[in-house]
Amino acid sequence: DAGITQSPRYKITETGRQVTLMCHQTWSHSYMFWYRQDLGHGLRLIYYSAAADITDKGEVPDGYVVSRSKTENFPLTLESATRSQTSVYFCASSGLGLAGGLAKNIQYFGAGTRLSVL
Amino acid sequence: QKEVEQNSGPLSVPEGAIASLNCTYSDRVSQSFFWYRQYSGKSPELIMSIYSNGDKEDGRFTAQLNKASQYVSLLIRDSQPSDSATYLCAVLFTGGGNKLTFGTGTQLKVEL
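From first to last, the protein sequence lines are chains A and B. The first sequence lines up with residues 452 to 569 when you count with my numbering. The second sequence lines up with residues 1063 to 1174 when you count with my numbering.
Among these hints, one or two may not hold up.
What the hints assert, rightly or not - With a Cα cut of at most 27 Å, we get these calculated DSS-like pairs of lysine-lysine:
1. 1104/B - 1171/B
2. 1129/B - 1118/B
3. 1118/B - 1171/B
4. 1118/B - 1104/B
5. 508/A - 1171/B
6. 462/A - 1104/B
Claimed, not checked - Under 8 Å between C-beta atoms, here's a sample of chain A residues computed to sit facing chain B:
7. 463
8. 467
9. 482
10. 492
11. 496
12. 558
These are calculated hints, taken from the structure and not from any lab test. Positions of the beta carbon are idealized from the N, C-alpha and C atoms, including for glycine.
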């Protein structure tokens, strides 16, 4: 099916374990993003990618690693999970369109992964 | 630090009334503005985008942008209980690549 999908939808892990959250999009969008959403903080950008093999840090990158070997996939890895990484994680993607000189970037979100670190 | 600010609410309106949601931002040269709706336990979904000063209407929704005053608003006419959700304002700041900066959201409750 076309769209953006995240897996798993729910994950429970223990502190110190490595966890990888998957994100896959079928639109061939150039840009992909990882956010975490916590009460009182809204959506905070963890990492983003402008294209395959191009990634950059967002607002809260510490403790996370990303890769993008293919345009359609953008996995997020918690190398050694901590309780403070308990959150809801959203992946998003956007294309880059130009109209009248303005970039009309619209981000589309996956369904999210609810991660609990015990 | 570029910021997007919203009143967290909750904003309560009776069914059929107009709901007015506001958002201010800190950078004068921002070009693109978005409103997302997020139901509890769900992901954000885009409901409106606006790029130039003035109003943009789509069904019961109207987005208003005033760059001189650095605010963008969302009006929901004939509010329905199904409009009860959190509304996120997002801004694409100039020079920020394709990154959006989100406000923390305003919770809207439409009461019967």
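- Message: residue 508/A and residue 1171/B were given as a pair; does the straight-line alpha-carbon distance stay at or below 27 Å?
- Response: violated (35 Å)
- Query: Hey, residue 1118/B versus residue 1171/B, does the alpha-carbon distance stay inside 27 Å?
  - Reply: Satisfied, since the Cα-Cα distance of roughly 23 Å is no more than 27 Å.
- Item | Hint check, residue 492/A versus chain B [nearest Cβ-Cβ separation less than 8 Å] | Constraint on residue 492/A satisfied, holds at 7 Å.
- Item | Interface hint for residue 482/A, Cβ within 8 Å of any Cβ on chain B | This hint holds: residue 482/A lies near chain B, its Cβ roughly 5 Å from the closest one there, short of 8 Å.
- Message: Hinted pair, alpha-carbon criterion (27 Å max): residue 1129/B, residue 1118/B. Please report holds or violated.
- Response: Given pair residue 1129/B, residue 1118/B holds - Cα atoms ~14 Å apart, limit 27 Å.
- Minimum Cβ distance from residue 463/A to chain B below 8 Å? violated (17 Å)
- Task: With a cut-off of 27 Å on the C-alpha distance, tell me whether residue 1118/B and residue 1104/B pass.
- Result: Measuring from Cα to Cα gives roughly 26 Å; hence the hint holds.
- Answer holds if the nearest beta-carbon of chain B is closer than 8 Å to that of residue 467/A; otherwise answer violated. At about 28 Å, which exceeds the 8 Å cut-off, the nearest Cβ of chain B leaves the hint on residue 467/A violated.
- Does residue 1171/B lie within 27 Å of residue 1104/B when you go C-alpha to C-alpha? It holds: about 16 Å lies between the C-alpha atoms, which stays within 27 Å.
- Query: Keeping to a limit of 27 Å between CA atoms, is the pair of residue 462/A and residue 1104/B held or broken?
  - Reply: holds (16 Å)
- Query: Should the interface hint for residue 558/A be scored as holding, given a Cβ-Cβ cut-off of 8 Å against chain B?
  - Reply: Holds: closest Cβ of chain B sits about 6 Å from residue 558/A, inside 8 Å.
- Message: Please check whether residue 496/A passes as an interface residue: C-beta within 8 Å of a C-beta belonging to chain B.
- Response: This hint holds: residue 496/A lies near chain B, its Cβ roughly 6 Å from the closest one there, short of 8 Å.
In the structure shown, a violation is registered for the earlier hints numbered 5, 7 and 8, in ascending order.
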